[in-house]
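J.: Given next are the chains, with one letter for each unit.
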Amino acid sequence: MASTEFVYATYIKATPQDVWNAITSPEFMKQYWFGSYAESDFKTGSPWKLFRENGEITDSGEIVESAPPKRLVIRWRNEWKPELKAEGYSRCTFEIETVANVTKLTITHVMDKEGSKLIGAVSGGWPKILSNLKSLLETGELVLAANPASH
Amino acid sequence: MVAYKRGMVTDEDKVFKALADPSRRRLLDRLRQDSGLSLNDLCEQYDMSRQAVTKHLAILEAANLVVTVKRGREKLHFLNPVPINEIYTRWIGRFEAGRLQALDNLKKALEEKKEHEKEEKKHGQH
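Line order of the protein sequences matches chains A and B. The first sequence: position 119 = 118 (numbering that gives the first Met the number 0), numbered continuously. The second sequence: position 92 = 91 (numbering that gives the first Met the number 0), numbered continuously.
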C-alpha cells in the first residue's frame with residue numbers, strides 16, 4: 000500500500016451540530032485539544048491553521064470540503080518539524096453522522112506516502128483528543144487535562 | 000467517558016468481550032501493523048475460515064475496535080484505538096501515566112542491557 004492511513008471513531012451523546020461546533024470553535028478546541036486551537040472560517044477553499052497554546056503554529060493548510068454539520072476535509076501539513084513538513088500535505092476528513100440516537104464522529108487521516116512520519120506523529124494524539132472531546136460533550140469534564148505524551 | 004447503555008450491554012462490556020478472545024487480538028495486531036486491510040488480506044494470514052474471520056471482525060466492529068471504510072468494491076478494516084484509550088484514561092491515564100511510563104522505560108532499558116550483555120558474552124567466547 001502506497002499510503003499511510005489511520006481511522007479513528009467515537010460515538011458521542013450529543014447532536015451533530017454540537018460535534019461540528021466542537022471541531023470548529025477555537026475556544027472549545029482548546030479545552031479538549033490540550034490547549035491547541037485552529038483558526039479558520041471553515042468554508043471550502045479557506046485557509047486553516049493550527050496553533051499551540053502559546054500561539055506557535057504547528058500545522059497549516061486549507062479547507063478542501065465543508066458541509067456543516069456533516070463533513071469537513073482539511074489539507075494538512077506540519078509546520079514545525081522540518082522532516083514532517085517535507086512530507087507535504089496529508090488529508091484529514093471529519094465525518095459526523097447519526098447512528099442509533101448518538102453521533103458518530105469518524106476521523107480519517109491519510110498521507111499518500113508509505114510509512115508517513117506525520118501520520119505516525121499524530122496517531123498517538125487522535126485517540127486522546129477524541130476521548131477528551133467525547134467526555135467534554137457528554138459530561139462537561141475532561142478525562143485527560145494534560146497530554147501524558149508531552150511530559 | 001461513562002459508557003452509555005444500549006439495552007443491557009454497555010459499550011465497555013462489548014470492548015472487553017471483544018478483547019477477551021486471542022484470535023480477535025491477533026486480528027487487531029495485524030491491523031495495527033498494516034491498516035486498511037480487506038477481508039481477503041486478513042484471511043490470507045490465518046488458519047481460520049473466512050466465516051470465522053468475518054464473525055470475529057463483526058464483533059470487533061460492534062465494539063468500535065475496528066472501523067470499516069468502503070473503497071470502491073472493497074471494505075477496508077482499520078484498528079480504532081479510541082475505546083482502548085478510554086479504558087486507559089479511566090483507570091490509568093489521569094494520575095499514573097508519568098510514573099508508569101518511567102517504569103516501562105526502566106524495564107525496557109534493563110532488558111536491553113541484559114540482551115546486550117548476553118551478546119557481548121557470546122562474542123567474547125569466540
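No lab work stands behind these hints: they were computed from the structure. Errors might be hidden in some of the hints.
Label-pair distances were calculated between CB atoms; the ranges are [said to hold, decoys possible]:
id : chain 1 : residue 1 : chain 2 : residue 2 : range
1  : A       : Gly123    : B       : Glu119    : 30 to 38 Å
2  : B       : Gln44     : A       : Pro46     : 38 to 46 Å
3  : A       : Arg70     : B       : Gly71     : 18 to 26 Å
4  : A       : Asn20     : B       : Ala61     : 25 to 33 Å
Which stretches of chain A does chain B cover? Using the computed rule of at least three CB atoms under 8 Å from a CB of chain B, they are [said to hold, decoys possible]:
id : region
5  : 4–17
6  : 43–56
Just a few of them, taken from the derived set where beta-carbon distance is under 10 Å, the chain B residues facing chain A [to be verified]:
id : residue
7  : Val8
8  : Asp10
9  : Leu38
10 : Asn39
11 : Leu41
12 : Cys42
13 : Gln44
14 : Asn63
15 : Gly71
16 : Lys74
17 : Pro80
18 : Asn84
Each residue gets a CB set at the ideal place from its N, CA and C atoms; glycine is no exception.
J.: Against each hint, give a clear statement of whether it holds in the structure.
T.: These are the hints, each one checked on the structure:
{"no.": "1", "hint": "A:Gly123 with B:Glu119: 30 to 38 Å", "in the structure": "holds, 34 Å"}
{"no.": "2", "hint": "B:Gln44 with A:Pro46: 38 to 46 Å", "in the structure": "holds, 43 Å"}
{"no.": "3", "hint": "A:Arg70 with B:Gly71: 18 to 26 Å", "in the structure": "holds, 19 Å"}
{"no.": "4", "hint": "A:Asn20 with B:Ala61: 25 to 33 Å", "in the structure": "holds, 29 Å"}
{"no.": "5", "hint": "4–17", "in the structure": "holds (count 8)"}
{"no.": "6", "hint": "43–56", "in the structure": "violated (count 0)"}
{"no.": "7", "hint": "Val8", "in the structure": "violated, 13 Å"}
{"no.": "8", "hint": "Asp10", "in the structure": "holds, 7 Å"}
{"no.": "9", "hint": "Leu38", "in the structure": "violated, 16 Å"}
{"no.": "10", "hint": "Asn39", "in the structure": "violated, 14 Å"}
{"no.": "11", "hint": "Leu41", "in the structure": "violated, 14 Å"}
{"no.": "12", "hint": "Cys42", "in the structure": "violated, 17 Å"}
{"no.": "13", "hint": "Gln44", "in the structure": "violated, 15 Å"}
{"no.": "14", "hint": "Asn63", "in the structure": "holds, 6 Å"}
{"no.": "15", "hint": "Gly71", "in the structure": "violated, 14 Å"}
{"no.": "16", "hint": "Lys74", "in the structure": "violated, 12 Å"}
{"no.": "17", "hint": "Pro80", "in the structure": "holds, 5 Å"}
{"no.": "18", "hint": "Asn84", "in the structure": "holds, 4 Å"}
In this structure, the earlier hints numbered 6, 7, 9, 10, 11, 12, 13, 15, 16 are contradicted, and the remaining ones agree with it.
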